[in-house]
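> Letter by letter, the chains look like this.
There are 2 protein chains.
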Amino acid sequence: MLRRVRPTADDRARMKEISSSILERIELLARSRGQDIKAILVGSVARDTWLAGDHDLDIFLGMPEGSDLGVALQLAREVAPVHEEKYAEHAYVHAFVDGFEVDLVPCYRVMDASMLKSAVDRTPFHTKYIASRIAGLEDDVLLLKQFMKGVGVYGSELKVGGFSGYLTELLILRYGSFSEVLLAASSWRPGEVIDLEGHARGEHQEPLVVVDPVDPSRNVAAALTLDRMFQFVAASRCFPQYPELEFFFPSCVKPLSDEELLMRIDERGSTLILIEFQAPSVVEDVLFPQLRKAEEAVKALLERSGFSLLRSDVGCYGDKAMLLFELDVSQLSRVARRMGPPVWEAEHLSRFLAAHPLTMSGPYIEGGRAVVELPRRYTSARDLLASEVNNLSLGKHLTEAVRRGHNIYVGRELAGIKEGDFRAFMTRYLKAETRIC
Amino acid sequence: MLRRVRPTADDRARMKEISSSILERIELLARSRGQDIKAILVGSVARDTWLAGDHDLDIFLGMPEGSDLGVALQLAREVAPVHEEKYAEHAYVHAFVDGFEVDLVPCYRVMDASMLKSAVDRTPFHTKYIASRIAGLEDDVLLLKQFMKGVGVYGSELKVGGFSGYLTELLILRYGSFSEVLLAASSWRPGEVIDLEGHARGEHQEPLVVVDPVDPSRNVAAALTLDRMFQFVAASRCFPQYPELEFFFPSCVKPLSDEELLMRIDERGSTLILIEFQAPSVVEDVLFPQLRKAEEAVKALLERSGFSLLRSDVGCYGDKAMLLFELDVSQLSRVARRMGPPVWEAEHLSRFLAAHPLTMSGPYIEGGRAVVELPRRYTSARDLLASEVNNLSLGKHLTEAVRRGHNIYVGRELAGIKEGDFRAFMTRYLKAETRIC
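Chains B and U are the protein sequences, given in the same order. Going by this note's numbering, the residue at position 350 of the first sequence is 350; the numbering climbs one at a time, nothing skipped. This note's numbering runs 1000 ahead of the 1-based position in the second sequence.
Keep in mind that the hints are not guaranteed to be accurate.
For lysine to aspartate or glutamate, the following EDC-like pairs were computed, each having C-alpha atoms within a straight-line distance of at most 20 Å [said to hold, decoys possible]:
1) U:K1159 to B:E400
2) B:K299 to B:E400
3) U:K1293 to B:E366
4) U:K1418 to U:E1203
Computed spacing ranges between beta-carbons, pair by pair [as the list claims (entries may be wrong)]:
5) B:V282 to U:L1374: 36 to 42 Å
6) B:E419 to U:R1351: 38 to 44 Å
7) B:M339 to U:R1351: 37 to 43 Å
8) U:R1304 to B:R376: 20 to 26 Å
What the hints contain is simulated information worked out from the structure, not anything from laboratory work. Where a beta carbon is used, it is the ideal one built from N, C-alpha and C, also for glycine.
Chain B extracted, bound-state conformation (with noise of 0.2 Å):
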């Protein structure tokens, strides 16, 4: 097992050579030109806690409080002349060399966490924190993390809401190896607390609380989904009983064929709408919870248009985005309920009356109140959305990528998309299994 997650020797060596490299060419780049920027080797790759095959260096550029960061970011630039700028806190590079990924991330160095500017100037001080720390556990670290990415839960992004490689070493320090992390993850409540060095302050709302031992206001949990909380819990429940390499290495999920795609739907009776479209350019972490806002806005529509919901999922393939949508039915009664006021609210009912001439039954009483009932609109959940999705607030920019256009698809249309992608993201949302014990 460990051999798996382990990096040999040679790994060790490849990855020395092409950090050192890196970091030399940036601090001369600095040099020659006189500017005062510190190249810093951070993450999991500076910890020694990086797993075989993960190919991600994070390095950072180190500058004197107040300066200006473009400078950083201007050499970052030129060092890595073939790359992308992403944006966090603040823009950074992330380019590929000779195979790594590797991100150039412009900082302040601060000479005490306390003085900490913005999130990414905090970095240096886990590295150094985990660093001073972590010596004969390096191995349970790796065995945690790959634990972790095995059950779905490893990742801090928000698409994934999951575990840091941070909170994994963290973790490691405080109950002392990786079976003891499953062990007391097992009976994990919401709630739980974490405070190694013993100096909580503030209240915190989140499922999982781990108070940073370099910025005590801080919970470096705070980015885990009471989910994927359980997630791991449930994993880590089930691991010592049934202590299977599957845990670690999940086979791949088969995307399913036509015919059993089609099968599926048949069997559940149930009304799929996907809409789909093309997906802005942002970062994941930016489209993911603006997915999930329009996800729960088309669930509002929806369920005050009577369409109850049995489950939705937002992904993408390629370069779409799609919101998936889940219904107990496709078809509504033409005739709904509108409940009005109490009779004795003479005013309101008054109202109430006049804006409802003409019903299909009532106005009667019920329960004191006045009922009419009225023609919906919309029987057919997929008119409903036809008509009205462009209606919607999505979103800066998924409102206007929806109107740009979209697709949508209903119940066994969903076999016509055949990319890769998107059948494994149907598979995976029709088996929707996860180990729980």
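Assemble chain U onto chain B, guided by the hints.
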């Protein structure tokens, strides 16, 4: 208007004659046998507040406290040889005498209303209370009774849940005239208390509380439902605006033709389901509460099976009883979600997972809880009811009646029932119009 509700001199004479003759027959027969039974004329005839066209006579057979009421019952049987026996708190005789419907009700003669043994014993006190105060207001009572009849809120029997004759009289005494009652009622709210003698005691929870002047612990309006109360309130507001004869003498609702009924059913696009069975031979005041309970039991079955209800009703036609349900949809998805316990409740979770080894999807985690998706047993409401209605507990009389045999009609099949009373019931159900202002 008054001419239509006020009995003519001829009517009165005839009523007088019939009632005197029956009273005499009772007293004679009792005296001849040495039985201490006093015949007492009660109800609206005794109070001179009966509506023209009414041919109801209420005569009580008063016995000394503690004696055997069976003696008076036997005497009543002999006075009216053609009769049926009914049962309220005690058995009584209901007979047709010269075109009049006569109730002969055994009761105790108590000296004071506070010594009452049963509701029936109270009636002579009511008659005395009203008769001594109503002079000059009889026409207002008649108008109010006819108004209440016309708008469908007259009658304290459980099928109606409306205003009793005595309650109507008390309202006239309290407010002084027909139009003052309507004016006052226009601004009633739930919890309204009317206390003519200012001696309310106890807490009543009913929507309208009218303290009984002869028995302050009793609410004369106890049988009035919230909806009937506000049906009256709504009509009271409408009448001064549109003072139409229609309120007193509504034109008959013309039953829908086959074509009209089918058109309405199609237009609603809902699923109407009728369960019809032989009505058990009990009086309406026993039957209707049982029908309402059965309605609730079937609604609960439908709802926990995933069907959402638009409306429902119960009724009788001929010797049939019926339960009518209207659903938003006829057909549900095969797949349904079942929410399990939170993942952190490890024991509940194990039991839940063990109980659902085979799923269509899941288990997965949502909101911290385990969720599975399973096939529904019934996706059609007709199948559900056809299989399960015999297993429901519908109360003593109805469970047996339903098991002895029932028919289920769905949607357009309802047009196959041609009986006028049923068609009138469906017409009222579909129009469901109440005068509301």
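> If you check each hint against the structure, which ones fail?
1, 4
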